[in-house]
Amino acid sequence: MKKLLIFFLFTSLQAHAFTFNNNIEARFEDPSIVVNINGADCENSQLDPDTLYQMAYDAVTDYWNQVPSSSLFLKMGTITEDATNTFYTEPICSSQDPCVPNENIKVDKYILISCNDDPQNFPSKNILGLTLTNNISGGYIRGALFLLNDTPGNLFNDLSRDEIVAVIAHEIGHAVGLGHSPTEDALMYFSLIPKRRSVGGDDIAGVTYLYPKEQPFGIISCASIDTGGGPHFFFPFLLGLALISFIIRKVKIS
Amino acid sequence: MRKIILLIVLLPLASNARKNHFSLGLEAFNQFTGKTQVNNEGTLNYFSPQLFIASEYFINIDKENNFSLHPNISFGIPRTNGDENTHSMTIVGSFAAGWTLDQFLLQVGLGLELNLIWANGGTERLNNGDTYTDFWLPSGLHTSRNLIINFSGDWFFLYNWALRTGGYVYNLESSHKRSLSYFFGVHYHFGAEK
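Residue numbers (my numbering), protein chains in the order written: chain A, 1 to 254; chain B, 1 to 194.
Isolated chain A (complex conformation):
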């Protein structure tokens, strides 16, 4: 039954997928996006900020940062201590239908992950998380908030670590602009599946659509945000090949 557990995202405003939740296809302007963790303890889920940080790291590393055709690169930031209790207790919408984002928990320039125990946000224990891109201007997402259900009786204690990581990765997908996918193999499918190991084809298409890789010109910025790589020799190799071709032609002529 646990495997069939529904987790759904309550994207009341602007969030998308390989569908989008709005019609402006909003995305972060810079595909290098910082993910911060709120410093409040998740008392009912028994997740401390350090554990949540490590899970979020696994979520970005094992899922979204793996897509070869996308320039999206999520970087773990810090465990923030600003207004920790506000993010833990306040509703995500100041009014419902339609949701008007709560200005008290507006996020600026990054994705913030926080636990939250407000029953207005989580009327059902089946809701594991909700994400709202609550700072959008000029067609771009400026900040997004992802709240984990920490109300009493929530179902996080029934999930394995890998399943919680998959839930976090799913919600981060909403935070960067993706909506739900109709395909079961996609991370952005509305429900947990028996075994989740990677993003699906629809996820790759969605994140590539929003944040396409743009080499060769994009390779410079890509190199600047990825500290785990080796030498950058595409351009020298290309020039070398051109030089070899030129020399061959000269030899042939002579």
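Don't read these hints as lab results, they were simulated from the structure.
Positions of the beta carbon are idealized from the N, C-alpha and C atoms, including for glycine.
No incorrect hints appear here.
Computed, partial: chain A to chain B, Cβ under 7 Å:
#, residue
1, N65
2, Q66
3, P68
4, S69
5, P216
Given chain A's structure and the hints, the job is docking chain B onto it.
Positioned in the frame of chain A, the structure of chain B alone reads:
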């Protein structure tokens, strides 16, 4: 001396003692191997090929040493990634150096892979937990561009027919996004007489 240097540089690369000619092939292309989950049991795409049509021009630049150059363009049949409302298509252009040894042709070079993704807009009603919600579909065409290192090997089992296998390497500079695609197929070489 110059020939020796050229030999050292190009020996591990590719080409042929045939005259310039054109080839056309059908290939099975497995993109981003091991990066994509293909079912709900956690299976990754180690073998989920799509059909590719490949065309190539064979430029013989040094008959004595069997070196050649190979501009190539390949493209896949448009696909849906499981969601019929969105479509994608892959196009690869590359330029390789080749070396022929008896019935075998080895190539290595550089190229650009384009992934085109498009949809016609509108909405799609999807499960959102306890309810169904209309989600917006993408509207328009977006294209990603990946530089690739391409390599391949051909075996000419008949004079005009060759079996080909090879691959593309992506994002060597990134430990996270580094990836490999592979392909295999058959090519017919038009007018490949010596």
